[in-house]
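Undergrad: Spelled out from the first residue to the last, the chains are:
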Amino acid sequence: DTGVSQDPRHKITKRGQNVTFRCDPISEHNRLYWYRQTLGQGPEFLTYFQNEAQLEKSRLLSDRFSAERPKGSFSTLEIQRTEQGDSAMYLCASSPSAIGAPGPQHFGDGTRLSIL
Amino acid sequence: AQSVTQLDSQVPVFEEAPVELRCNYSSSVSVYLFWYVQYPNQGLQLLLKYLSGSTLVKGINGFEAEFNKSQTSFHLRKPSVHISDTAEYFCAVSEASSASKIIFGSGTRLSIRP
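Protein sequences, first through last, are from chains A and B.
With our numbering, letter number 43 in the first sequence gets 25, and the count goes up by one each step, no holes.
Every number in our numbering is 116 more than the matching position in the second sequence, counting from 1.
Bound conformation, chain A alone (with noise of 0.2 Å):
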């Protein structure tokens, strides 16, 4: 168990470029999740994803935001145009599939975002 891996760590970039972010979740875990963790906040859930498909998204994750899960193990996070507003903490969390019971949700140590 390597446990969940973001990278970056952290991202600085200017006003209105496009950001990508990488997790690498549990390798036996189907799913996959992002929430974003603002200063003095609980993390926010964004979306998730079962194996490729993408269940559920948040009001939050505007038509800037793009996740995707292509192969059912690693996703990457995309943010056009960046906005001062989206300085945030960017986290990913993975687990087992919820059959009865679900797995927790294992998180990674995140990806700080910075917006110039």
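Think of the hints as simulated: they come from the structure by calculation, not from any bench.
For every residue, glycine included, the Cβ atom is placed at its ideal position computed from N, Cα and C.
Treat each hint with caution, since some may be false.
[Stated by the list, open to error] Residues on chain A that point at chain B, a partial pick, calculated with CB under 8 Å: (1) Glu38; (2) Leu73; (3) Pro86; (4) Gln87; (5) Gly92.
Fit chain B to the supplied structure of chain A, relying on the hints for placement.
TA: The following block gives chain B in isolation, referenced to the frame of chain A:
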């Protein structure tokens, strides 16, 4: 829809003293309840979870929580804290039927004084 309220944004405690971090939730359906801990510049680590059964749940690092359905509470306790417990603690809820997204509270910062 579910929501979580953590009643204290900060809790200062002396080392070796007991601590209770309060959490109330709101939901019209059955839920699962969690406590996560976050150390600086790190992701979240699961402390404990309540799915069903015994209302007293024991977790890692000596923490425990009690599920109280009538009061819709899930308070976290530790009988004696250590400097290393300094961190942000998040109470969270997930809808039992789908067990998908987790709704987090705004967090309680636990600071331990020597």
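Undergrad: For every hint, state whether the structure bears it out.
TA: Hint by hint, here is what the structure shows:
Using the Cβ-Cβ criterion of 8 Å, the hint placing A/Glu38 at the interface with chain B is satisfied: the shortest such distance is roughly 6 Å. Taking 8 Å as the C-beta contact cut-off toward chain B, the hint placing A/Leu73 at the interface holds, the least distance being around 6 Å. The restraint placing A/Pro86 at the interface with chain B holds, with a minimum CB-CB distance near 5 Å, inside the 8 Å limit. At a threshold of 8 Å, the smallest CB-CB gap from A/Gln87 to chain B is about 6 Å, leaving the interface hint in force.
With 8 Å as the threshold, the beta carbon of A/Gly92 comes within range of chain B, its nearest partner Cβ sitting at about 5 Å, so the hint holds.
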